[in-house]
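Chemist: Generate the whole structure from the sequences, applying the supplied hints.
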Amino acid sequence: MPPAPRPSAPAIAPERTSSGRYSLWRLLREGLNGQRGWSRAWVKAAPRPRYRVVIVGGGGHGLATAFYLATGHGICDVAVLERGPLGLGNVARNTTIIRSNYFQPANIRFYDFSLRLWERLERSLNFNAMVSQRGTLNLFHTEAQRDLFTRRANLMRLEGVDAAALSRAAVKALVPLVDLDNGRYPVLGGFLQPRGGTVRHDAVAWGYARGASEAGVDIVEHCAVTGIRREGERVVGVETSRGFIAADVVCLAVAGHSSELARMAGLELPIETHVLQAFVTEGVKPVLDVVLTYGAGHFYISQSDKGGLVFGGAIDGYNTYGQRGTLPMVEEVTAAAVTLLPALARVKVLRQWGGVMDMSMDGSPIISQTPLAGLVLNGGWCYGGFKAIPAGGFTTAHLIAHGAPHPVAAHLDLGRFAAGRTVDERGVGPFPYLH
Amino acid sequence: MLRIPCPWCGTRDEAEFRYHGDATRPRPTAADTLADFSRYTYGRDNPLGWHLEWWLHVGGCRRLLKVERHTLSHEIRWVGTPEASPAPEVQAP
Amino acid sequence: MTGPARIAQGLLTDPARPLAFRFDGSEMRGLAGDTLASALLANGRRLVGRSFKYHRPRGIVTAGCEEPCALVDLIGAAGREPNQLATTLALHEGLVAVSQNRWPSLELDVLAVNDLLGRFLPAGFYYKTFMAPGWAWERLYEPLIRRAAGLGKLAARVTEHAAPAEIVHDHADVLVVGAGSAGLAAAAVLGTAGLRVLLADQDVMPGGGTLLDPRWSGWREEICRRIAALPTVRRLARTTVLGAYGHGVFGTLEALAPQERARFGGLRERLRVVRARRVLLACGAGERLIAFPGNDVPGVMLAGAALGYLRRYGVAAGLKPVFFLNNDEAYETVFALAEARVLAAAVIDPRPSGRAAARAQEAGIEVIAGAVVCRVRGRRGVRGVRVMGANGSTRRLDADCLLMSGGHSPATSLACQLGARLEWHERIAAFTAEPPSPAGRAAGAARGVYGLAAAALDGETAARALAAELGRTAPLLAAGPGLPSDPDATPLVPFWEVRAPGKAFVDLQNDVTADDVRLACREGYEHVEHMKRFTTCAMATDQGRIGGLVAAAVLAHARGAPLAEVGQVKPRPFLEPVPFAALAGGEVRGHYKPKRRVPLHDWHERAGATFVNTGLWLRPLVYSRAAGWEPVLEEARAVRRAAGITDVSTLGKIDVQGPDAARFLDFVYANTFSTLAVGRARYGIMLREDGMLFDDGTTSRLGATHFLVTTTTANSAAVLEHLEFHLQAVCRELDVVLTDVGDQWAQFAVAGPRAREVIASVVEGLDLTNAAFPFMAAAEARIAGISGRLFRISFSGELAYELAVPARTAPVAWQAVLAAGSRYGIRPYGLDALNTLRIEKGHVTTAELNGNTTADDLGFQRMLKKSGDFIGRALGARPGLAATDRLQLVGVRPVDRARRLRNGMHLVAPESPRTSLGYVTSSTPSVELEGWVGLALLAGGRQRIGTRLLGTSPIHGERTELEVVSPHMLDAENTRVRS
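Chains as they are written, first to last, in my numbering: chain A, 1 to 435; chain B, 1001 to 1093; chain C, 2001 to 2979.
Read the hints as simulated data drawn from the structure, not as lab findings.
All figures in this text were calculated on a predicted structure; none of them were measured in a lab.
A few of these clues could be false.
Only pairs whose alpha carbons sit at most 20 Å apart, straight line, appear in this in silico EDC-like list of lysine to aspartate or glutamate [said to hold, decoys possible]: (1) A:LYS44 / C:GLU2529; (2) C:LYS2595 / C:GLU2565; (3) C:LYS2593 / A:ASP181; (4) B:LYS1066 / B:GLU1083; (5) A:LYS285 / C:ASP2024; (6) A:LYS306 / C:GLU2469; (7) C:LYS2153 / C:GLU2339; (8) C:LYS2595 / C:GLU2605; (9) C:LYS2153 / C:GLU2107; (10) C:LYS2570 / C:GLU2423; (11) A:LYS306 / C:GLU2138; (12) A:LYS285 / A:GLU331; (13) C:LYS2593 / A:GLU143; (14) C:LYS2593 / A:GLU331; (15) A:LYS306 / A:ASP289; (16) A:LYS285 / C:GLU2138; (17) C:LYS2865 / C:ASP2660; (18) C:LYS2865 / B:ASP1032; (19) A:LYS285 / C:GLU2142; (20) B:LYS1066 / C:GLU2423; (21) C:LYS2153 / C:ASP2170; (22) C:LYS2595 / A:ASP305; (23) C:LYS2153 / A:ASP305; (24) C:LYS2593 / C:ASP2743; (25) C:LYS2153 / A:ASP289; (26) C:LYS2595 / A:GLU331; (27) C:LYS2593 / C:GLU2166; (28) A:LYS306 / C:ASP2170; (29) C:LYS2866 / C:GLU2605.
Here's a subset of chain A near chain C, in silico, CB distances under 10 Å, partners left out [said to hold, decoys possible]: (30) ARG40; (31) THR142; (32) ASP248; (33) LEU267.
Using C-beta positions, here's what the derived DEER-type ranges look like [said to hold, decoys possible]: (34) C:GLU2260 / B:ALA1084: 46 to 52 Å; (35) C:GLY2025 / B:GLY1060: 56 to 62 Å; (36) B:GLY1060 / C:VAL2204: 28 to 34 Å.
Just so it is clear, CB atoms sit at the ideal spot from N, CA and C, and this is done for glycine as well.
Modeler: This is the structure in C-alpha cells:
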C-alpha cells in the first residue's frame, strides 16, 4: 500500500462566485449595513439536459464529491441532484464525530486521510464548520477489551496516527463526571485519540455546497431521480421528476437509500438499511470536553458548542427506512448514560431522532465502480459516513476522474464480497445488526 | 416499536424477538455455485416497502416466524409459520 | 396574601398554607399550590433570566411547559439542577432557585454587551469567521464560545440512590391524551362503552381550558365524578405523552406529586410505556406570540398565560396591562382581569372590529382597532408601549405588562409522529393534523375546533367513532348535562409580525429574530428545515412551540410563498424535555445489566476468588485477592504437577435429539459428527455462512439420536439462535429438537497428572482405565452419588475430565472432588490459570476466534469435511480466504526470556518496522517453559515458524525480539491428554 497522498488545496474558480468571501471584516462591514449584502450560499440551479457527471444525492458525500471533482480535477460539468432540500439526510442526523481509530489497517489509512482533510476544511471551503479536535476517548472495562484497544492503538501508531493509553486516574482527570466504579462494569482505563473530535454537521453540507457551486457545479434541489437509464451494460443518464438528464458517469451517493437507487439500474447491493438513533439534551454549561465512548454498552456522548449533550447508541436490529427513534433504545442508551455518568441523571433529554443508513455486509463502506459502465457507487457507510465525508468525496472524485480507485480507498471495492476480501472491523460477518 | 402478533404466544414487543432477515431466499444447495452462495449471503433486496422476513421468538416460544412488514410504516400485515406464505393477493404491494 | 400581585383566590392555591422560598438569594413567600413562576409574579418579580445569545433580560412568558424564558437552576438535595421551568415547578417550603446564564448577576450581566453588538452577530455569524489562524479555533474562539453558551449549570450531588426512577408498562383500549373538555367527554363516553381508557393529562388537575372559566366548574365536576365512578377509566395526572412510537406504543412521563414522592422512595418521575389499540388526541392548542420589537421584555406575556395565573393562582401578571391581540378567544383574559378590577390600559387589535372588541368597549375598555404595537418601553420590565395605528400615527401608552396573543396552534406533534400530514386552515391560521386511521383520532382544539362546548361535543363524536371501530356501542352523552355555551367569536385575522426598528423575536430562548429568518432566506436557507438549522429557531427547550409558526410565516413572506407550502419544522419526540434518570429507569449503576452467577458462586466467593466480568457472567479469575501473576501461576502449576479443578459451568450446552440429530450436526459443523460413536466426544468447529470461524466446542454422542453440544461462553446464546434458525428455516425436513440446557448443568474440569486418581474416588460404576475410558470418551456416571455425566476432554493439555451434574447439586459434587483430591494437592483454579494452561498448549479462545479467522488460519484445515454440504463450505472456498498472506496462528516467545509479551503487541520485520505483520492475541508467563509464551496471528505465519521478528507496542514504548514457534508449545504429541 503506497502512502496516502497529501490532499491538495483546491483552488476555487472565481467565475460563479455567488456569496463572496466570508471573513470577520466582511461580517463587520455587513453589520453596518443591516446584514443585507449577503447572497445565497449556493446557486439554486435548474437542471440541464446533460452533464459529464451526475451525482445523485445532495448530502455530505455527494456534495463533497462534486466539490473535489470541480476543484481538484477540473471537472465542473457536474450536477448534484437532491430529491428534497440538500443536506437533510444523514449529514444532518448524525452525532458529528470524527476519528480514525479503526482495527483494519486500510480503514485507519482511509479515515485518517479524512481526518487530515477535516483539519484543513475551513481553509479549503472558506466556511467555518467548527472542526473541533477535542479528542475521542474510548473506555474499556475488561482485559479482553483492553487487549483489543491496545492492538488498535499500536496499529494506529505504526501507521503514524495518534493514539494514547490512559490510566483510570487520567480518565478521571479528563472527564471528572465519569463514575469509574459505576457499580457494574468498572472503568479500567481508556484510549484517547487526541485528533478525534466533532464538526458542526449541517455546516459541512452547506460549506461543500457553496464551494461546489462557486466552482461551477449545478446543485439541483427538489429533483427526484425516478429511474436510471441503461443502454446494455452501460448507464447513460437518469430519469428525474424534472426530466431525463444524460450523463457520462452517474454516481450514487445516497447512503440509506443506495439499494433503492441501485435497483433502478437493475443492481442488487450487499446493503441493508437500518435506523441509528441520536439524542440531544438541553444546553448546560460545559461539563464534557471530549467525545466519550462507553465500553460496556452502546453509548457515546459529546457536548456541542451550544451546550447540548449529543449522544447515541446502537441500531435497532431490523431493516427499516423509518427515520425515527424507538423506546427500547432510549432506555438502553440512557441506562448506560446514568451508569457511566450518574451526574447527568437530572439533565433533560430534549429530542430523539433517527437516521437511516446503509449497513454493508462487512461494516465497511463501498466506494467502487459497479458491474455497469458509467455507474459509480459511494455508499454502505454504516455508522461511519459523517467522519468520512472529506475522504469519501475526495476518493470518489478520484475514481470518477481517473476511472481507477484512489489508493486509500482501493480496499472498499464492491468485488471484495465475492472475492472473500471483506473488511470486517468487528468480525461479526454478514449480519448488519451486529456491526 | 414493533408489536409482533406471534401465532403461538400472542402479540408481544419487539424486544422478545430477534430479526433474521429476508425470508424469501432459500439457501442454495450444495449443487449451486459460489456466486449463488455469495448472493444468498451478501445480497439484499432491501426494499422500501413490504418485506417478508424472519423473526425468531427468542424471548417466548423460540419458534421462527415469517412476518410481512412494511419497512417504512412498520405495519405488519401477515404473520405465519416458516412453511406458510401470505396469500398472493395480499402480496401485491 | 403573599405578594402585591396576588389579587384573588386561585383555584389551586391554599391561602392557609404559605411557603417560604428563595430566588437569587431573595427570601419570598408563596402559597401551597403555586408554581415558582406564579409565586415570583405574585411577589412582583418580573426579571427572572437572561437570554442565550444576547443576554437580554427576560421574564415569564407562559404558564406551562412551553415556557422559553423562565428557566432556573434548582438547588436541592440532588445538587444543582439546571433548566427547571419555573412555570411548572411546584413550589415547596424552602425551595432555592437561582437564575441562569448571567455573570456576575441577573441585574448586571457583562455579556449583555452582545446585545449591543447584535448587528454584527446575526444568525450563523460563526460560519463566516473564526477561521484564521488555523490553531485558534480550538484554543481561542471555541473555548470562549463554549463558556458563553449553555443554559444552566450542572453540579449534581451523586449519591448511591441519587436517581431512583421506574419504568412501568401499561395497556389500554384507548389512550386519551388531554383532559380538557374534549378529553373528559371522550373518556366518559369510551369508559361507559366498557372500553379500558387511560386518560393522560399534563396538569395537576383535570379540566384543561375549563379550569380558566368559572362557568364550567359545574360541568367539570359532574363529568369528573362520572369518570371516577367508571372502573374502566384510569386518570393519569401530571402525565405528558412524550412520543408516539407506532404499533400503538406511546411513551408517557408522570411527574409525581411531592406527597407521592416520599411514598415511592424518592421517585420523581415514572415512565409509563402504554400500548393502546387506539389513541384520542385531545391535547388542545397552544397560544402563539406576535413578533414585534421588544416582544421579549420582562412583562410581555401570552394573554392565555395571564388568564391562567389569575384563575389558578389568583395572581395578576400586572396591574396595568396592555393587550395586543388578533383573536376573540384572547379577550377572555381582558374580561377576567377586568372582573378582578384590573382594567386594561388598552387593547390593541390589528383587526378593524370584532364581537369581543365590542364587548370590551361596552365594558368601558379602550380598544384600539386596526393598530399594532411597534415598540416596548423598558428593558428590565415593561413600562409602556408605542402603538401605531392603521394610518401610521403613533401613540404612547403606559403599562406594566403587555399581554399578547397571535392566535392558537393545535398541538400536532403526536399526530405527525403517527404519520399525519399537516393541513393548513386559514380560518384559524394554523396547521392541524389528523392521525391516520386506524391509529386514532384527534378531537377538540387539537383539530382546530375551538370553544370549550364545541370541543366537548367533538370529543364525544370522536369517542363514539372509536368505540364503534372497537366494536362497542357508546351511549349518547351529548357532552353531558349543563353544557355551557361558547361565546360567539369573530374569526381571527392572521397576524404575525410588526416590522419596525428593533429586535422582534420569533424564538425567545435562542434569541432568533424575524430579521434572522429573513437573512437565512436571503442566503438560500429558505427551506423551513434549513432556516431552523441556520438560525437555531425552534431548537431550544420549548421546541419553538410559541414562535415556530410565526418564524415559518416570516419565512413564507420572505419567500413569497404561502405558509401552507412552507410548512413547519418536523416535530420529534420528546414533547417535553425528560431527565436521563426517568428514561433510564431502575436498571442503572449497580443494576445495569443482569448479573449471571454460576451455581457455585457463593463457594468461589468464600474461597477468596476475585471475580471478572465476562459478558453478563461473573467468573472466578483467581482464588486470591492479591495482584500479580504469582497466585495465577501457582494454580496453573498445581494443574501441571498434580491436579486442579475449575468451574466451566458458563459454557453453553445444547441438547440435540431426534432421528436426524447427526445429520443436522453435520450441516452446522464443519467437521463430521455422524461418524461419532455413542459414548465418544469430538471437538467441533462451526463456521458462519461466509466461511469464517464462528464457534468451537466439544460435542458428545450420548445415544444414537442424542448429542450434547457445548459452546464457548461468549457465543452460547448466539450459537443456540444460529442452530434454531437453521433448523427451522433451512433444515425444516429434519426431525430434531434443540433444548438449551446451559443453566441446568454445572460443569467442572478436573485436570492434571493425578486427575484419574481424584476422579476415581468420586465416580462410581465406571471403569476409568485408559482402555475403557480413553481420551474423548463420554458417559453417564454417578458422581458423588449424583446422576451426572463424565467426559474425558482437556483444554489445559493435561489428563483431564469434565464432570457435569445438575446445577443444584453442584456444591456436593465440587466438594467431593476437592475432598478426594486433597491428598494429591488439588487446587481450584480460575480463568487466568486456565488461560495460561491453554496458551501453553496452543488452544484457541475468542481472542483467536475473532470472527476474521478461517479454519485454515487457525490450523484446522484438516477437520473440514471433504464431502457434503455444511454452513460456510461454499464461501470458505473464496480466493481471498486462501491467500497465503492471511494471518495464521503461531506461537511466539521473547528471545530474551526475561522480557515480557503484551496482548495487542504487533509483529514487524526489523527491516520495515512500521508495517504490521500481525499481532499477539494471548500471552502469559509460562509455568512449563521459561519466560513468557504467546499466541499470535501472523501474516503467512506458518511459513515464518523458526524465524525471528520484532514485537512492538508503541503505546508502551516497548520493542522485543521474538521467535516464531509452533502454537503447540507444550506436548505437541498429545501424550499427556492420552495418558
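Chemist: Now, for every hint given, state plainly whether the structure supports it.
Modeler: Structure-based check of each hint:
Restraint check: the Cα-Cα separation between LYS44 (chain A) and GLU2529 (chain C) comes to about 16 Å, which is no more than 20 Å; the hinted pair holds. Restraint check for LYS2595 (chain C) and GLU2565 (chain C): not satisfied, since their Cα atoms lie roughly 54 Å apart, outside the 20 Å limit. With a CA separation close to 15 Å, the supplied pair LYS2593 (chain C) and ASP181 (chain A) stays within the 20 Å bound. Simply put, LYS1066 (chain B) and GLU1083 (chain B) have alpha-carbon atoms about 9 Å apart, close enough for the 20 Å limit, and the pair holds.
Using a Cα cut-off of 20 Å, the hinted pair LYS285 (chain A) and ASP2024 (chain C) holds, with the two alpha carbons roughly 18 Å apart. Between LYS306 (chain A) and GLU2469 (chain C) the CA atoms are separated by roughly 47 Å; this puts the pair beyond 20 Å, and the hint is violated. With a C-alpha separation of about 42 Å, the suggested pair LYS2153 (chain C) and GLU2339 (chain C) falls outside the 20 Å cut-off, and the hint is violated. Proposed proximity of LYS2595 (chain C) and GLU2605 (chain C) is supported: the alpha carbons are some 15 Å apart, at most 20 Å.
Taken as a hint, the LYS2153 (chain C) and GLU2107 (chain C) pair is honoured in the structure, with Cα atoms around 18 Å apart against an allowance of 20 Å. Proposed proximity of LYS2570 (chain C) and GLU2423 (chain C) is supported: the alpha carbons are some 13 Å apart, at most 20 Å. For the given pair, LYS306 (chain A) sits about 15 Å from GLU2138 (chain C) by alpha-carbon distance, which is consistent with the 20 Å threshold. Between LYS285 (chain A) and GLU331 (chain A), the direct Cα distance comes to roughly 25 Å. Violation of the 20 Å bound is thereby established for this hinted pair.
For the suggested pair LYS2593 (chain C) and GLU143 (chain A), the alpha carbons sit about 19 Å apart, so the restraint of at most 20 Å is met. Distance restraint check for LYS2593 (chain C) and GLU331 (chain A): the Cα-Cα separation of roughly 12 Å lies within the 20 Å cut-off, and the hinted pair is therefore satisfied. Simply put, LYS306 (chain A) and ASP289 (chain A) have alpha-carbon atoms about 13 Å apart, close enough for the 20 Å limit, and the pair holds. Of the supplied pair hints, the one linking LYS285 (chain A) and GLU2138 (chain C) holds, its CA atoms being roughly 17 Å apart against a limit of 20 Å.
Proximity of LYS2865 (chain C) to ASP2660 (chain C) is assessed by CA-CA distance (about 18 Å); at most 20 Å being required, the pair is judged to hold. Proposed proximity of LYS2865 (chain C) and ASP1032 (chain B) is supported: the alpha carbons are some 18 Å apart, at most 20 Å. Proposed proximity of LYS285 (chain A) and GLU2142 (chain C) is supported: the alpha carbons are some 13 Å apart, at most 20 Å. Only pairs whose Cα atoms come within 20 Å are accepted, and LYS1066 (chain B) paired with GLU2423 (chain C) is rejected, the gap being roughly 38 Å.
For the given pair, LYS2153 (chain C) sits about 35 Å from ASP2170 (chain C) by alpha-carbon distance, which is inconsistent with the 20 Å threshold. Distance check on the hinted pair: LYS2595 (chain C) and ASP305 (chain A) sit about 38 Å apart at the alpha-carbon level, beyond 20 Å; violated. The hinted pair formed by LYS2153 (chain C) and ASP305 (chain A) meets the criterion: a straight-line CA distance of about 15 Å does not exceed 20 Å. For the suggested pair LYS2593 (chain C) and ASP2743 (chain C), the alpha carbons sit about 18 Å apart, so the restraint of at most 20 Å is met.
Between LYS2153 (chain C) and ASP289 (chain A) the CA atoms are separated by roughly 15 Å; this keeps the pair inside 20 Å, and the hint holds. Taking the CA atoms of LYS2595 (chain C) and GLU331 (chain A), the gap is about 18 Å. The hint holds against a cut of 20 Å. For the suggested pair LYS2593 (chain C) and GLU2166 (chain C), the alpha carbons sit about 15 Å apart, so the restraint of at most 20 Å is met. For the hint linking LYS306 (chain A) to ASP2170 (chain C), the alpha-carbon distance of about 37 Å lies beyond 20 Å, and the restraint is violated.
Only pairs whose Cα atoms come within 20 Å are accepted, and LYS2866 (chain C) paired with GLU2605 (chain C) is rejected, the gap being roughly 48 Å. Because the beta carbon of ARG40 (chain A) sits about 4 Å from the nearest beta carbon in chain C, less than 10 Å, this interface hint is met. For THR142 (chain A), the interface hint holds, the least distance from its beta-carbon to any beta-carbon of chain C being 6 Å, beneath 10 Å. Hint on ASP248 (chain A) is violated. Least Cβ distance to chain C is approximately 29 Å, over the 10 Å limit.
With a cut of 10 Å, the hint placing LEU267 (chain A) at the interface with chain C is violated, because the nearest CB-to-CB distance is about 20 Å. Taking the beta carbon of each, GLU2260 (chain C) and ALA1084 (chain B) are about 50 Å apart, inside 46 to 52 Å as hinted. Between GLY2025 (chain C) and GLY1060 (chain B) the beta carbons are some 58 Å apart, a value that agrees with the proposed interval 56 to 62 Å. Between GLY1060 (chain B) and VAL2204 (chain C) the CB atoms are about 40 Å apart, so this pair departs from the stated range of 28 to 34 Å.
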